[in-house]
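K.L.:
Given chain A, put chain B in place with the hints provided.
Number of protein chains: 2
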Amino acid sequence: MALSSLAGRLDRCSVNTATLGYQRPIGESIEAIARAGFGAIAPWRREVEDGDVAGIARQIRDAGLTVSGYCRSTYMPAPDRTAFEAGIEDNRRALRDAATLGAACYLLVVGGLPQGSRDLQAARRQVQEAIECLLSDAMALGVPLALEPLHPMYAADRACINTIDQALDVCATLDPHRNKPLGVAIDVYHVWWDPNLYPAIARAGADRRVLAYHVSDWLVPTTDLLLDRGMMGDGAIDLPAIRAAVEAAGYGGPVEAEIFSAQTWWKRPIAENLAVCAERFQAMC
Amino acid sequence: MALSSLAGRLDRCSVNTATLGYQRPIGESIEAIARAGFGAIAPWRREVEDGDVAGIARQIRDAGLTVSGYCRSTYMPAPDRTAFEAGIEDNRRALRDAATLGAACYLLVVGGLPQGSRDLQAARRQVQEAIECLLSDAMALGVPLALEPLHPMYAADRACINTIDQALDVCATLDPHRNKPLGVAIDVYHVWWDPNLYPAIARAGADRRVLAYHVSDWLVPTTDLLLDRGMMGDGAIDLPAIRAAVEAAGYGGPVEAEIFSAQTWWKRPIAENLAVCAERFQAMC
Numbered sequence: 001m002a003l004s005s006l007a008g009r010l011d012r013c014s015v016n017t018a019t020l021g022y023q024r025p026i027g028e029s030i031e032a033i034a035r036a037g038f039g040a041i042a043p044w045r046r047e048v049e050d051g052d053v054a055g056i057a058r059q060i061r062d063a064g065l066t067v068s069g070y071c072r073s074t075y076m077p078a079p080d081r082t083a084f085e086a087g088i089e090d091n092r093r094a095l096r097d098a099a100t101l102g103a104a105c106y107l108l109v110v111g112g113l114p115q116g117s118r119d120l121q122a123a124r125r126q127v128q129e130a131i132e133c134l135l136s137d138a139m140a141l142g143v144p145l146a147l148e149p150l151h152p153m154y155a156a157d158r159a160c161i162n163t164i165d166q167a168l169d170v171c172a173t174l175d176p177h178r179n180k181p182l183g184v185a186i187d188v189y190h191v192w193w194d195p196n197l198y199p200a201i202a203r204a205g206a207d208r209r210v211l212a213y214h215v216s217d218w219l220v221p222t223t224d225l226l227l228d229r230g231m232m233g234d235g236a237i238d239l240p241a242i243r244a245a246v247e248a249a250g251y252g253g254p255v256e257a258e259i260f261s262a263q264t265w266w267k268r269p270i271a272e273n274l275a276v277c278a279e280r281f282q283a284m285c
Numbered sequence: 001m002a003l004s005s006l007a008g009r010l011d012r013c014s015v016n017t018a019t020l021g022y023q024r025p026i027g028e029s030i031e032a033i034a035r036a037g038f039g040a041i042a043p044w045r046r047e048v049e050d051g052d053v054a055g056i057a058r059q060i061r062d063a064g065l066t067v068s069g070y071c072r073s074t075y076m077p078a079p080d081r082t083a084f085e086a087g088i089e090d091n092r093r094a095l096r097d098a099a100t101l102g103a104a105c106y107l108l109v110v111g112g113l114p115q116g117s118r119d120l121q122a123a124r125r126q127v128q129e130a131i132e133c134l135l136s137d138a139m140a141l142g143v144p145l146a147l148e149p150l151h152p153m154y155a156a157d158r159a160c161i162n163t164i165d166q167a168l169d170v171c172a173t174l175d176p177h178r179n180k181p182l183g184v185a186i187d188v189y190h191v192w193w194d195p196n197l198y199p200a201i202a203r204a205g206a207d208r209r210v211l212a213y214h215v216s217d218w219l220v221p222t223t224d225l226l227l228d229r230g231m232m233g234d235g236a237i238d239l240p241a242i243r244a245a246v247e248a249a250g251y252g253g254p255v256e257a258e259i260f261s262a263q264t265w266w267k268r269p270i271a272e273n274l275a276v277c278a279e280r281f282q283a284m285c
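Protein chains in written order, with this note's numbering: chain A, 1 to 285; chain B, 1 to 285.
Isolated chain A (complex conformation) (with noise of 0.2 Å):
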């Protein structure tokens, strides 16, 4: 497959806060992720919700970034009905806020099983209902929803949709007319194993269905389920093998590096992770 390259595109690029550990206010964050040249950033909620939210847009604005993705939803599947809609109302104002953010989609990470349950599809079932609830206000303050399918390392805590079919299933159920803003997000940590990956990016491309793509790198050995993926290059998986099948859907938006690193990354001084992952994505995306 052809792949266009990302040398010297570093406008194409994104970082995603998560990737610098939340060590500093979002402000600086911002500021650094523009300095370093890339051309978009992705927030999350804990950095924005108790802030001035057109504040933090306006910096982001006004310092030439686009913002490629807001994260994340609120866990949809609870133990009751009281706690399943609180769920749905914290994402609607999340949803608000990714709406002033001028966020190209909301992160549906959907949650995993309730407390006590061992009935995923139950858990799959609240998802469905919960997605079907955001759609209106996701229509209303044009903000589309990005689906993403996890890793299923996660199932049980995180997330109950663990592959990118699943995730354009229930799409495709919620969607049948491909006219609501609902798609999914590819990240490759989550995807790169699934022996279906790329006719499953043929489908979401065909179904135009693609609202994000993430990278970092599996590492071999990886020594924590949720804080020790990898950086772009130093893992198992065929990045470009995937952009190229992601781009050949159809994909033109930000490629968005999403690395969660305690003991590595983390650690760094945020420039020189910036400047790492700016190398990365140009050599090895």
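Part of the chain A face toward chain B, derived, beta carbon under 10 Å:
#1 P152
#2 Y154
#3 N196
#4 Y198
#5 W218
#6 I237
#7 A241
Negatives, chain A to chain B, calculated, CB over 10 Å:
#8 R12
#9 Y22
#10 R24
#11 R35
#12 P79
#13 C133
#14 S136
With the C-beta cut set under 7 Å, the calculated list includes, among others, these residues of chain A facing chain B:
#15 L113
#16 R118
#17 A156
#18 D157
#19 Q166
#20 W193
#21 V220
#22 T222
#23 L225
#24 A236
#25 D238
Source of the hints: derived by calculation from the structure; they are not laboratory data.
These numbers come from a predicted model, not from an experiment.
The beta carbon of each residue, even a glycine, is placed where N, CA and C say it ideally should be.
P.N.:
Quick look at chain B alone, frame taken from chain A:
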């Protein structure tokens, strides 16, 4: 789905010696497992290969145990042809021992990416070729090959076969007429998250491919990718639902506990560990 009870049926239950943490020589494990009332054992090559294989086989028989499976294959994907063929030879030797032990099957944990490779599809092709090579030996020796899909978190370094459907596809390619000793091992730890789990189990049954069924549990949180499996009942997996599906698919063989647990169960005395296994088999599986 109707579910046969395992209460009073430890004769249907097997203990994989990995559950005991390889604390004691195989002879002691055999005696302890038999004394606790189980009907079967699944030993590892590391406990068998340097010993008197025929003697171990005799001891197992004399203790009244059957062998639910022999663990496990040498990894198949290799960086070059010499290493690939050496792996096959290793597996041939182990298959002969599996026959001596009277094992119900030889577990194929197929391996991940060869050192330095990011080509998962090439690794998968090598796996298919290796299994094809081993099938004639398996047939001659009367030992079925049980292809075990491993959890996607092991795709890079332990097994690039990661779903039941993917394993069944390999089986269908290599044995289209279903007259060879080739099938799958279903281990709940590896497959419980799969959105297509129940159809895949039904398909495995329809294809007459279910050769083994392994149980443990998925802990929340899981603190180690390899050695933090839970005892049945302590985690997120709906064990009765999965066993019901496996039995509805026609499997009537042993239910085997395989619990890698460095910080919890491997620290308990073997007799205590086996007593808890026995209790959980009967109440929680």
